[in-house]
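Trainee: Could you slot chain B onto chain A? The hints should help.
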Amino acid sequence: MKKYNRAIAFFIVMMFTAVICFGCGQEQENAPEPQDNDGNDTASTEKMTVSEITGYVLDNIVFQDQMNAISTDLFLGLYNLEKEAVAEAVAYESTGATAEEFAVIRTESSEAAEQVKNAIQSRVQSQKESFENYVPGELAKLEDPVIFEQNDIVVFIICNDNKGAEKLLEDMSK
Amino acid sequence: MGRTAMKKKTIKAIGLYTLATAVVIAAGYGIYGAPNEASASADYDVSKENTASGDTLVSDKASEKDVTSQAEVGKNEEAAVKNESIAVGNEGGTGKSATETEPETLQPPTANQDAVTDVDEAYKIFDNTLFIGDSRTEGFMYYAGVDNANYYCGKSMTVDKILEGKKLSVKGESISVYDALAKKDYDMIFISAGLNELGWYSIDSFLDTYGRLIDAVREKQPGAKIYLQAVLPVTAHRSDRDATNNNTQIYWYNVNIIDLANQKGVNYINAAPAVVDNEGFLYSDSTSDGIHLNKTYCEKWAQYLAAKLKGEVE
Chain A
24 MKKYNRAIAF FIVMMFTAVI CFGCGQEQEN APEPQDNDGN DTASTEKMTV
74 SEITGYVLDN IVFQDQMNAI STDLFLGLYN LEKEAVAEAV AYESTGATAE
124 EFAVIRTESS EAAEQVKNAI QSRVQSQKES FENYVPGELA KLEDPVIFEQ
174 NDIVVFIICN DNKGAEKLLE DMSK
Chain B
16 MGRTAMKKKT IKAIGLYTLA TAVVIAAGYG IYGAPNEASA SADYDVSKEN
66 TASGDTLVSD KASEKDVTSQ AEVGKNEEAA VKNESIAVGN EGGTGKSATE
116 TEPETLQPPT ANQDAVTDVD EAYKIFDNTL FIGDSRTEGF MYYAGVDNAN
166 YYCGKSMTVD KILEGKKLSV KGESISVYDA LAKKDYDMIF ISAGLNELGW
216 YSIDSFLDTY GRLIDAVREK QPGAKIYLQA VLPVTAHRSD RDATNNNTQI
266 YWYNVNIIDL ANQKGVNYIN AAPAVVDNEG FLYSDSTSDG IHLNKTYCEK
316 WAQYLAAKLK GEVE
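Heads up: the protein sequence lines correspond to chains A and B, in order.
Counting with my numbering, you get residues 24 to 197 for the letters of the first sequence.
Counting with my numbering, you get residues 16 to 329 for the letters of the second sequence.
Please note: incorrect hints may appear among the correct ones.
To be verified - Calculated pairs, DSSO-like style, for lysine-lysine (alpha carbon to alpha carbon, straight line, at most 27 angstroms):
no., chain 1, residue 1, chain 2, residue 2
1, B, Lys240, B, Lys279
2, B, Lys199, B, Lys325
3, A, Lys151, B, Lys181
4, B, Lys176, A, Lys151
5, A, Lys151, A, Lys186
6, B, Lys198, B, Lys139
7, A, Lys106, B, Lys198
8, B, Lys325, B, Lys240
9, A, Lys151, A, Lys106
10, A, Lys151, B, Lys182
11, B, Lys199, B, Lys139
12, A, Lys197, A, Lys186
13, B, Lys199, B, Lys240
14, B, Lys176, B, Lys199
15, A, Lys140, B, Lys182
16, B, Lys240, B, Lys181
17, B, Lys279, A, Lys106
18, B, Lys325, B, Lys279
19, B, Lys198, B, Lys181
20, B, Lys240, B, Lys176
21, A, Lys190, A, Lys151
22, B, Lys182, A, Lys106
23, B, Lys139, A, Lys106
24, A, Lys197, A, Lys140
To be clear, the hints were calculated from the coordinates, so they are not data collected in a lab.
Just chain A, with the same shape it has in the complex:
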């Protein structure tokens, strides 16, 4: 009986010790990313995904119009991009009331990034032609589009305050 009680006690102690060790293991996984040689936090930008940047844009940048995501095929068509150049992308369009739009594109290579940036410039030109005789007031927004590059991701934004949007993206990447 005494041996039996000791065995139970030993078993319980081992179980809780194992639970603590498991918890610590998880905690380690969730620990902050390492810093670079200068002590700067390197985790914030390098690990940001297309989805996270999209969330950041939606949460921090004010759009006058209602913005909704469009399908990937439509995005590729509108921007005249080959599927092979784009690893992942999210694009939002306005209802047509304004020239506002934005896209977050993860590219396959530096060559593809150039391709994407050229495609964005063509898209801006096309939109200028569309709005010229339609809602000329929107042309100002198209004069200084935000084209922001961070690692393998290109962010394109047209909104009422393009300069403010660019600043926000810069803050995001710090």
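Mentor: Using the frame of chain A, we list chain B on its own:
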């Protein structure tokens, strides 16, 4: 120390150890979050509704589509009747007979619409369909989810620009309406025009040009059913303040488009019942400028057209 005392001490020690362990674990969860919740501690919430609906190369597009919104279309019964009464009232004056070209009866959708649970399946009817139109059609192309159709549409498009072969950048291609018509043999062709012509000096000029456009489309696609879409209304706020883009003018244009459809032997279809309130105005939450429809209402528009074509609404 007796055996009983030893036993009690052992049990007490185990109890304390267990309690301490529980406290440590609880504290750990409080600080770090449960396993797999690491990403939720980001400074911004990427699970925001419109982010979640974003389509990425790796997302499941079908999950975005609101297949339940069909039932809401039924709310517009009165508006539908109102719109129709205006159209029919005028059409009655022209003495038109009930033919294929007769104006659509704007009755409320039936319960059959609820049976449409798979949007992709519902939109199969738009295989071999070409949509021609202006910025509203462009919004439809962006948001409605009718990705199997072809489009020729753009901002500020008018019937004269379409007819003269103006090239537009559509899905990466610079094409004229004739290029779009030459792509394949279509079963159906929808034309949405009139919104940007509401301010034209003469409606006769609009109707004459629209008539020639219909002729040109029919010449290129003799086997296709041609549908002239009604100009959709605007919001009450917009209508009250806009000397051109207001519902009175829109109804006047629609009456004439109905006549034109009859004269040309083509169809007229009015999706207004899907997007207007009980006074015949666009819902205020459907648009930011009183004219252009957002995603939700573009989907309602498409669902209504599909249901109408399948005879699920009268």
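Trainee: Next, verify each hint and record whether it holds.
Mentor: To see whether the hints hold, each was checked on the structure:
Among the hinted pairs, lysine 240 of chain B with lysine 279 of chain B is consistent with the structure: their alpha-carbon atoms are about 12 angstroms apart, no more than 27 angstroms. In summary, the hint linking lysine 199 of chain B to lysine 325 of chain B is supported, as the alpha carbons are separated by about 23 angstroms, within the 27 angstroms threshold. A threshold of 27 angstroms between alpha carbons decides the hint, and for lysine 151 of chain A with lysine 181 of chain B the separation of about 16 angstroms falls inside it, so the pair holds. Between lysine 176 of chain B and lysine 151 of chain A, the direct Cα distance comes to roughly 18 angstroms. Compliance with the 27 angstroms bound is thereby established for this hinted pair.
Of the pairs offered as hints, the one joining lysine 151 of chain A and lysine 186 of chain A holds, with about 19 angstroms between alpha carbons and a cut-off of 27 angstroms not exceeded. Between lysine 198 of chain B and lysine 139 of chain B the alpha-carbon distance is near 19 angstroms, which keeps this suggested pair within the 27 angstroms criterion. Taken as a hint, the lysine 106 of chain A and lysine 198 of chain B pair is honoured in the structure, with Cα atoms around 22 angstroms apart against an allowance of 27 angstroms. At roughly 14 angstroms between alpha-carbon atoms, lysine 325 of chain B and lysine 240 of chain B fall within 27 angstroms of each other, so this suggested pair holds.
Between the alpha carbons of lysine 151 of chain A and lysine 106 of chain A the distance comes to roughly 25 angstroms, so the proposed pair stays at or under 27 angstroms and holds. Only pairs whose Cα atoms come within 27 angstroms are accepted, and lysine 151 of chain A paired with lysine 182 of chain B is accepted, the gap being roughly 15 angstroms. A C-alpha spacing of about 17 angstroms is found between lysine 199 of chain B and lysine 139 of chain B, which places the hinted pair at or below 27 angstroms, so the restraint holds. Under the criterion of a C-alpha separation no larger than 27 angstroms, the hint pairing lysine 197 of chain A with lysine 186 of chain A is consistent with the structure, at around 17 angstroms.
For the proposed pair lysine 199 of chain B and lysine 240 of chain B, the alpha carbon gap of about 14 angstroms is at most 27 angstroms, so the pair holds. This hinted pair checks out: lysine 176 of chain B and lysine 199 of chain B have alpha carbons roughly 22 angstroms apart, not beyond 27 angstroms. Between lysine 140 of chain A and lysine 182 of chain B the alpha-carbon distance is near 24 angstroms, which keeps this suggested pair within the 27 angstroms criterion. Annotation: proposed proximity of lysine 240 of chain B to lysine 181 of chain B holds, straight-line Cα distance about 23 angstroms (limit 27 angstroms).
Taking the CA atoms of lysine 279 of chain B and lysine 106 of chain A, the gap is about 43 angstroms. The hint is violated against a cut of 27 angstroms. Restraint check: the Cα-Cα separation between lysine 325 of chain B and lysine 279 of chain B comes to about 23 angstroms, which is no more than 27 angstroms; the hinted pair holds. With a C-alpha separation of about 16 angstroms, the suggested pair lysine 198 of chain B and lysine 181 of chain B falls inside the 27 angstroms cut-off, and the hint holds. Simply put, lysine 240 of chain B and lysine 176 of chain B have alpha-carbon atoms about 22 angstroms apart, close enough for the 27 angstroms limit, and the pair holds.
Proximity of lysine 190 of chain A to lysine 151 of chain A is assessed by CA-CA distance (about 24 angstroms); at most 27 angstroms being required, the pair is judged to hold. Only pairs whose Cα atoms come within 27 angstroms are accepted, and lysine 182 of chain B paired with lysine 106 of chain A is accepted, the gap being roughly 24 angstroms. About 24 angstroms separates the Cα atoms of lysine 139 of chain B and lysine 106 of chain A, which keeps this hinted pair within 27 angstroms; it holds. For the given pair, lysine 197 of chain A sits about 22 angstroms from lysine 140 of chain A by alpha-carbon distance, which is consistent with the 27 angstroms threshold.
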